[in-house]
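*Asks:* Residues per chain are reported as follows:
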Amino acid sequence: MSSRLFVFLVPLVVIAIFWFMARAEKGKHHDPTHKGFFERNGTALGIVFIALVAFWTLFLVTLPYLYMVVESFHPKLPPAQRGGPTDVLTIAQYKSFFINPVDNEINTTHIWAFVFSIITSVLVTAVNFAICYPLAYYMAQAGTAQKVRLIMLALIVPYWVNEILRAFSLRLLLASKGLINQALMGLGITSTPIDFLSINVGLYVGLSYAYLLVMIFPLYNAIESLDKNQIEAARDLGAPWWKIHRDVVIPYAKPGIASGCTMVFMLAAGSLAAPQFLGGPSTLWFTSIVYDFFFQAFNWPRGAAYAFILLTACIAFVLLMLRMFKVSLGETIK
Amino acid sequence: MSAGVELDHITVRFGQFTAVDDATLDIRGGEFFSFLGPSGCGKTTILRTVSGFLDPSQGKVRIGGQDMAGIGPNKRPTALIFQNLALFPLMTVADNITYGLRVRGVSKEERRKRAGELLDLIALPGQGDKLVSELSGGQKQRVAIARALAVQPKVLLLDEPLSALDLKLRQHMRNELRAIQQQVGITFIYITHDQGEALTMSDRIAVMSDGVIQQVADGKTVYDHPDTPFVASFVGENNPFAGKVVSADGEHAAIETAHGVLRGRNDRKLKAGDRAILFVRPESFRLGAGASDATIVSETLSSAFEGNATHVFLKGSTKKDITVTVARHGSHRIPAQGEAAAIHFDPSMGVVLPEGKMARE
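Listed in order, the protein sequences are those of chains A and B.
Going by the UniProt record's numbering, the first sequence runs without a break in its numbering and finishes at 334.
Going by the UniProt record's numbering, the second sequence runs without a break in its numbering and finishes at 361.
Think of the hints as simulated: they come from the structure by calculation, not from any bench.
Any given hint could turn out to be false.
With a cut-off of at most 27 Å between alpha-carbon atoms, the simulated DSS-like pairs for lysine-lysine come out as follows [claimed, not checked]: (1) B/K244 <-> B/K130; (2) B/K154 <-> A/K243; (3) B/K244 <-> B/K315; (4) B/K140 <-> B/K108; (5) A/K228 <-> B/K244; (6) B/K130 <-> B/K140; (7) B/K154 <-> B/K60; (8) A/K76 <-> A/K147; (9) B/K168 <-> B/K75; (10) A/K243 <-> B/K319; (11) B/K113 <-> B/K154; (12) A/K326 <-> B/K130; (13) A/K243 <-> B/K113; (14) A/K254 <-> B/K140; (15) B/K140 <-> B/K154; (16) A/K228 <-> B/K60; (17) A/K254 <-> B/K315; (18) A/K228 <-> B/K320; (19) A/K254 <-> B/K60; (20) A/K254 <-> A/K147; (21) B/K357 <-> B/K269; (22) A/K243 <-> B/K269; (23) B/K140 <-> B/K113; (24) A/K326 <-> A/K228; (25) A/K228 <-> B/K154; (26) A/K228 <-> B/K315; (27) A/K243 <-> B/K75; (28) B/K319 <-> A/K326; (29) B/K108 <-> A/K243; (30) B/K269 <-> B/K244; (31) B/K75 <-> B/K60.
Computed from a prediction, not measured in an experiment: that's the story for all the values here.
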């Protein structure tokens, strides 16, 4: 229990250090006109402000994650043994991702699920970008105000439908006797129904659709602020349309593209509902494994360790991509 | 190499609004041609029609004798300099200048060579690696010119490119633009609402109002022999005196105005009984009485000393005062406020035009 207790002290220690640093700084450069925080806001209000911000950042943001970090470095124990002599710090949970503790073989199932999730998320991000870029460009530069409003509405309204309903109607559409298969067979394109769901078409479509807006709005925002004259200037200088996009629009919209792609990738890799409802029967999505550790096996330490593996890998991947495309992290949140 | 531009009965409509109404015009190859008019007169619309960003509702644009219908802006032998320049902010100066060559597949070495030449032309040698944001307003201006010239257009279109510069720089750039035009020898079509720019730089000027070309002539003709009341009142200062023609011959016409019968040149061959406006420029007036049909007597409202000249304002018959510009040299006594003053003019310096719309003050 001691290490678990210790982690709750970390934020307090950090705050205390910062407070002393601020005090030392203030002592060095004494400014008589400076009014302190409590002087400006009054004691009662000041305390309320600090308490609210502290509650939010400590209890709702920092501590749960810190607790999960600590948990992931512990063995799974029955409640009676927690804090006992067997409750030691260990990297066994992280190791179990690579080497299955049951048979000491390489944990191919989980590693494959992990790789599959990452690759699928990359694909979904690419597909989303391919769909959203032309649309965002049209909305931001080409379309009339009225048409843009209409498109916005058509984009947003479907999101009022809840995720479960959306996912299962998609299943209905893609099922062996679903509308699409019947249409394909009716047109004579295929004689036997295609099992879209088991080859994960449903998963790709569902994931892409789920995060469409997350992609389109950063793109739209970025392209919208581009001066139309820049596009016309490139055209006037002889550039065909695709070179205008390659040389003028995309470089300009790069922060927006990075922001949209980062968010879609992160959300897709961490998504739970769409893969569970729409994935094929043999498809193992990484977050589903994490979910099962928490709620089926009640193995919180291992679940936490897996979740952090996913988080670290995603962050590393995104940073690598940003570096590759020469976008700074600050630009993506503009 | 340069090419002439023909506008053949061009009409451009936006819904109900007619931006350009039946413009016919022949711009000669190698000419510095300006479209002059107030904002909203349709001059930018003409420019966009020539560059290909806009299709005329009726009529044809021909460049070098070739019909441009169906040819996009990226395929026309024109280059446009935008009002806000529209330089590419993420590219270096050299990349900006050679962008047109890059999209044409010109090799890197060739591009570097051309960039060097053009940077020399615009007097920015060795500055190719800078970012556009590191340049001053005048330098950006020159980079925009170089970028347009790099693609070796036959016609260069300029959309009020000097309007963002401060006064001193603007006057300097006028000379520079004219010099560049003479050096490269291609057709320049220049859009401006600034008559000073149009008069100093252009070989010929088309004055436009409400989508209609009012007059096409060289600067001196536009100033001295305006065709319409709009041209007379828009280009330079002018004093209008409205009335009815009482007598006219081939050379002069006399019109009955609120200040009596006055005489001026009858360029437009008006006949007795026509409604007309006599225009006399402030610098054409002289203090003191002259011939009875060229003299106005009115109350002095105020005067303004301006160094090289003094402006005297007399009470007019309309809201507008009569402005008289008195040159500094000469022993004139400036009439005092409230004093009745006589002024006269040489009838060959006044012009009688048929009644019509004037420029807004």
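*Asks:* Each hint needs a verdict: does it hold in this structure or not?
*Replies:* Verification of the supplied hints:
1. Between B/K244 and B/K130 the alpha-carbon distance is near 64 Å, which puts this suggested pair outside the 27 Å criterion.
2. Taking the CA atoms of B/K154 and A/K243, the gap is near 23 Å; set against the 27 Å cutoff, the hint holds.
3. Proposed proximity of B/K244 and B/K315 is supported: the alpha carbons are some 21 Å apart, at most 27 Å.
4. In summary, the hint linking B/K140 to B/K108 is supported, as the alpha carbons are separated by about 23 Å, within the 27 Å threshold.
5. With a C-alpha separation of about 51 Å, the suggested pairing of A/K228 with B/K244 is violated against the 27 Å cut-off.
6. For the given pair, B/K130 sits about 11 Å from B/K140 by alpha-carbon distance, which is consistent with the 27 Å threshold.
7. For the given pair, B/K154 sits about 18 Å from B/K60 by alpha-carbon distance, which is consistent with the 27 Å threshold.
8. Using a Cα cut-off of 27 Å, the hinted pair A/K76 and A/K147 is violated, with the two alpha carbons roughly 57 Å apart.
9. For the hint pairing B/K168 with B/K75, the CA-to-CA distance comes to about 37 Å; that exceeds 27 Å, so the pair is violated.
10. The suggested pairing of A/K243 with B/K319 is violated, with an alpha-carbon distance near 57 Å, which exceeds 27 Å.
11. Restraint check for B/K113 and B/K154: satisfied, since their Cα atoms lie roughly 21 Å apart, inside the 27 Å limit.
12. A threshold of 27 Å between alpha carbons decides the hint, and for A/K326 with B/K130 the separation of about 19 Å falls inside it, so the pair holds.
13. With a C-alpha separation of about 23 Å, the suggested pair A/K243 and B/K113 falls inside the 27 Å cut-off, and the hint holds.
14. For the given pair, A/K254 sits about 24 Å from B/K140 by alpha-carbon distance, which is consistent with the 27 Å threshold.
15. Restraint check for B/K140 and B/K154: satisfied, since their Cα atoms lie roughly 22 Å apart, inside the 27 Å limit.
16. Proximity of A/K228 to B/K60 is assessed by CA-CA distance (about 26 Å); at most 27 Å being required, the pair is judged to hold.
17. At most 27 Å may separate the alpha-carbon atoms for a hinted pair to count; A/K254 and B/K315 exceed this at roughly 64 Å.
18. Distance check on the hinted pair: A/K228 and B/K320 sit about 42 Å apart at the alpha-carbon level, beyond 27 Å; violated.
19. Taken as a hint, the A/K254 and B/K60 pair is broken in the structure, with Cα atoms around 41 Å apart against an allowance of 27 Å.
20. Restraint check: the Cα-Cα separation between A/K254 and A/K147 comes to about 25 Å, which is no more than 27 Å; the hinted pair holds.
21. In summary, the hint linking B/K357 to B/K269 is supported, as the alpha carbons are separated by about 19 Å, within the 27 Å threshold.
22. With a C-alpha separation of about 58 Å, the suggested pairing of A/K243 with B/K269 is violated against the 27 Å cut-off.
23. In summary, the hint linking B/K140 to B/K113 is supported, as the alpha carbons are separated by about 20 Å, within the 27 Å threshold.
24. Among the hinted pairs, A/K326 with A/K228 is consistent with the structure: their alpha-carbon atoms are about 25 Å apart, no more than 27 Å.
25. With a C-alpha separation of about 24 Å, the suggested pair A/K228 and B/K154 falls inside the 27 Å cut-off, and the hint holds.
26. Only pairs whose Cα atoms come within 27 Å are accepted, and A/K228 paired with B/K315 is rejected, the gap being roughly 49 Å.
27. Pair hint A/K243 plus B/K75 holds up; C-alpha atoms about 14 Å apart against a cutoff of 27 Å.
28. Straight-line distance between C-alpha atoms of B/K319 and A/K326 comes to about 64 Å, which puts the hinted pair past the 27 Å bound.
29. Between the alpha carbons of B/K108 and A/K243 the distance comes to roughly 17 Å, so the proposed pair stays at or under 27 Å and holds.
30. Taking the CA atoms of B/K269 and B/K244, the gap is near 14 Å; set against the 27 Å cutoff, the hint holds.
31. Of the supplied pair hints, the one linking B/K75 and B/K60 holds, its CA atoms being roughly 17 Å apart against a limit of 27 Å.
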